[in-house]
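Q: Next come the chains, spelled out residue by residue.
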Amino acid sequence: MKGVAKLSGIIGIGLFLHTIYSVLQHRKYLRLTDQPFEGVPLDIIVECIISLLLFSWGIINSQNLIPIKASTHLAKKSYDSFDNRPNFTTFNNRGKYINEIIKNN
Amino acid sequence: MIEAPIVLDVEIRNWVVIPILIVLFIVSALKLNFSRILQLKSNRDQDVEKTMQMQTINRVRRLTSFYNRIPQKSFFMRKAFLCGTPGATNPKNRGLLSSIAPAQEDSNPMNMMFANSMFTDPSGMTDMLKGNVVHLVPQITMMSWVNHFFSGFVACKLPFFPLTIRFKAFLQRGIELSSLDVSYVSSLSWYFLCWFGSEGINNILLSDNFVSPDTQLFNSQVEPGPPAQQNPIHKIYDGERENIEMIRYDSIMNNIENRFLDNLSKKTSLDLNTLNNLNNSNNNNNNNNNTLTKIQKTKTKSSSSSSSSTNTKRVLYQKPSLK
Amino acid sequence: MAEMLMLSSSDSIELNKFENKIRESRSFNWVLVRDTLRFLRKSKARKSNLVSKYGLKLVNEYISKLDAQESYDIIEQVLVSLLECGDDENANKLFNILKSKFGRESVRVQRLQAMIHESNFQLKDALDIYNSILEKYPADQMSYKRQVSIFKCQGNLTKAIQVLNTYLQIFMCDIEAWLELSSLHITFLSYSTALICLEEVILNAPINYIFYIKYAETLYSLGGIDNYNMAIQYYTHSLELNSPTEIDVLGHPPTYLPAIYGIIMSIFSLSDENVQIKESQLKLMEWAQNHLILITNKYSPDKLTFVKHFIDSTDIFNKE
Numbered sequence: 001m002k003g004v005a006k007l008s009g010i011i012g013i014g015l016f017l018h019t020i021y022s023v024l025q026h027r028k029y030l031r032l033t034d035q036p037f038e039g040v041p042l043d044i045i046v047e048c049i050i051s052l053l054l055f056s057w058g059i060i061n062s063q064n065l066i067p068i069k070a071s072t073h074l075a076k077k078s079y080d081s082f083d084n085r086p087n088f089t090t091f092n093n094r095g096k097y098i099n100e101i102i103k104n105n
Numbered sequence: 106m107i108e109a110p111i112v113l114d115v116e117i118r119n120w121v122v123i124p125i126l127i128v129l130f131i132v133s134a135l136k137l138n139f140s141r142i143l144q145l146k147s148n149r150d151q152d153v154e155k156t157m158q159m160q161t162i163n164r165v166r167r168l169t170s171f172y173n174r175i176p177q178k179s180f181f182m183r184k185a186f187l188c189g190t191p192g193a194t195n196p197k198n199r200g201l202l203s204s205i206a207p208a209q210e211d212s213n214p215m216n217m218m219f220a221n222s223m224f225t226d227p228s229g230m231t232d233m234l235k236g237n238v239v240h241l242v243p244q245i246t247m248m249s250w251v252n253h254f255f256s257g258f259v260a261c262k263l264p265f266f267p268l269t270i271r272f273k274a275f276l277q278r279g280i281e282l283s284s285l286d287v288s289y290v291s292s293l294s295w296y297f298l299c300w301f302g303s304e305g306i307n308n309i310l311l312s313d314n315f316v317s318p319d320t321q322l323f324n325s326q327v328e329p330g331p332p333a334q335q336n337p338i339h340k341i342y343d344g345e346r347e348n349i350e351m352i353r354y355d356s357i358m359n360n361i362e363n364r365f366l367d368n369l370s371k372k373t374s375l376d377l378n379t380l381n382n383l384n385n386s387n388n389n390n391n392n393n394n395n396t397l398t399k400i401q402k403t404k405t406k407s408s409s410s411s412s413s414s415t416n417t418k419r420v421l422y423q424k425p426s427l428k
Numbered sequence: 429m430a431e432m433l434m435l436s437s438s439d440s441i442e443l444n445k446f447e448n449k450i451r452e453s454r455s456f457n458w459v460l461v462r463d464t465l466r467f468l469r470k471s472k473a474r475k476s477n478l479v480s481k482y483g484l485k486l487v488n489e490y491i492s493k494l495d496a497q498e499s500y501d502i503i504e505q506v507l508v509s510l511l512e513c514g515d516d517e518n519a520n521k522l523f524n525i526l527k528s529k530f531g532r533e534s535v536r537v538q539r540l541q542a543m544i545h546e547s548n549f550q551l552k553d554a555l556d557i558y559n560s561i562l563e564k565y566p567a568d569q570m571s572y573k574r575q576v577s578i579f580k581c582q583g584n585l586t587k588a589i590q591v592l593n594t595y596l597q598i599f600m601c602d603i604e605a606w607l608e609l610s611s612l613h614i615t616f617l618s619y620s621t622a623l624i625c626l627e628e629v630i631l632n633a634p635i636n637y638i639f640y641i642k643y644a645e646t647l648y649s650l651g652g653i654d655n656y657n658m659a660i661q662y663y664t665h666s667l668e669l670n671s672p673t674e675i676d677v678l679g680h681p682p683t684y685l686p687a688i689y690g691i692i693m694s695i696f697s698l699s700d701e702n703v704q705i706k707e708s709q710l711k712l713m714e715w716a717q718n719h720l721i722l723i724t725n726k727y728s729p730d731k732l733t734f735v736k737h738f739i740d741s742t743d744i745f746n747k748e
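Chains as they are written, first to last, in the working numbering: chain A, 1 to 105; chain B, 106 to 428; chain C, 429 to 748.
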């Protein structure tokens, strides 16, 4: 699924670049044949819209989206995660004694 | 009507296009280092008073937006602490937000603004000045340098397809030729193109010298103080006090149980409903759809008919018989 | 990759994954250790043993591979957890690296020096250092906080509360400090004072469900009909923020269990007070009981009997 989405995104970009090139070509052609510029031809417009749709679909589906609600991110924190306050740590804990035991063994 | 390409002198490339590029790179490297030195030296004064005022404002704003999360009593307690009790004459009871008296100032608003924003707080002004010096001065000198030496001729030609005619003013600054193709670029415009384009490249090339804010903290002293305040502090305090006094207390905790349960049943066909359905199908004999009435019945009846009511309430497990 | 994992699981699960991977990998995987340390810095979980053991190796052998900016943060992190584990020898080594790099003048280096003093219980020296920093930079938050923890270390909680109060008069938006103050007050059993601190925390972080649970728990401890009612409301609000309906979307075990247990206990205690329990509360109670069983069934079926016994003993519907 993600591979398909990525592919469609790339195709979308490619098509979009192609439309740009087509418009430039079209204008050049009009200039050479001395015709006034009256608008982009229909097939290019359709191609542009298709490229947009493909690209947006691809970009939306090619990766996991993060939920937009901020509370869902906080829901990942477990209840006791705020009981550790690193700025207020004290060092009179059992660490020293355990460390001695580990060293002696 | 395809124009014959203009032949540009090789000397122009060697003595104009490439030197501008090199000089630009050197100047931006200098600028980066220079601004770093200035930044290290700029220790904003750590003013406890000012920090406290900023934090007070922050706290009051949070109270005005989230007051409905705390109980009514607590809200009024905070209101009394911040705004004071009404009709209090003792300055102690007038509240935190009235604690700062407006200083004697000129009536002229211009003067007042200046007095409060800049001249009373020189660190803010010097910071601004430094920023200007670092960014503006080299740009002006470089521009006048390019303009003075290399104006009046085409410096280079851009590759790729031609841009539209609107870019002419941007790409051919200093050359007033209406018939010239847009892809030809004057030296001043070349300078601009390089200026805007080289920023990312410079960042990569000079990234060894680039210091992240975190390590800067190690080097320098401590976290910088709060930024300079624009408005006089007592005016902000007054505004915030009015905001608090306008609040009509209302709690979001009112009727929250019903709201929560409603949302639950709305959002999903959640376990409560499915369980109820299961209940209903399990014992059709004495059951109607409302479980709740049953519960209350059981509560009043207490243990008289416990066997049937236990069954109706939960199906997921069998209640162990206590008797 | 790491980013994606973090989206789909809770912090504690993520941490366990990191830990298992480190312990299982045969050779020393410095990238993994670096990522773990990064995650720990971000999530603020406390794993001193892990950090000191593997972080020390990382700093000693792979320091050249680390990003120059990050390496000093890592050294500081490892140093503090070495101190927590009581390994002063290595901590001093790391401290000398930082000292030679940044000099004695840097406030952060001075602070670390003071923390080394603290772990050797030379509390007076540490206090002197913090005081000298505060003289120079009166708005240095860390030094204030360290002073509080020195008094806490001495067991002088009254003094700790006093210092913390003066600190909070200046920095009144510091959630961590308010939490600390509330826990200090709770050790003195002055729940109503702790409630004021927790209200301040809620005002500062109004969408964090944990603080509502903490608030409700304190209300519950205080007791009384009004407080039980309010506790139920706050538990329910925390459930609104960490919603049971989104559990399938999140894809990790629920983190709101304290709220459900809280609701059950509060309503149970309320029923002892001889008051008419509201209809909505009864509904809530029934939902909570059912949901608790549902969750237990799904995530840890082996504990189902305990949960059932808990529910039976707090049952208000069939009270004999």
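Calculated directly from the structure, the hints in this document are not laboratory data. Incorrect hints may appear among the rest.
Under the rule of at most 35 angstroms between Cα atoms (straight-line distance), these lysine-lysine pairs were calculated in the DSBU-like manner [unchecked claim]:
| hint | chain 1 | residue 1 | chain 2 | residue 2 |
| --- | --- | --- | --- | --- |
| 1 | C | 472 | A | 103 |
| 2 | B | 178 | B | 273 |
| 3 | C | 736 | A | 103 |
| 4 | A | 2 | C | 445 |
| 5 | C | 736 | C | 711 |
| 6 | C | 552 | A | 69 |
Q: If a hint holds in the structure, say so; if it doesn't, say that too.
A: Hint check:
no.	hint	result
1	C/472 to A/103	holds, 28 angstroms
2	B/178 to B/273	violated, 69 angstroms
3	C/736 to A/103	violated, 46 angstroms
4	A/2 to C/445	holds, 25 angstroms
5	C/736 to C/711	holds, 19 angstroms
6	C/552 to A/69	violated, 48 angstroms
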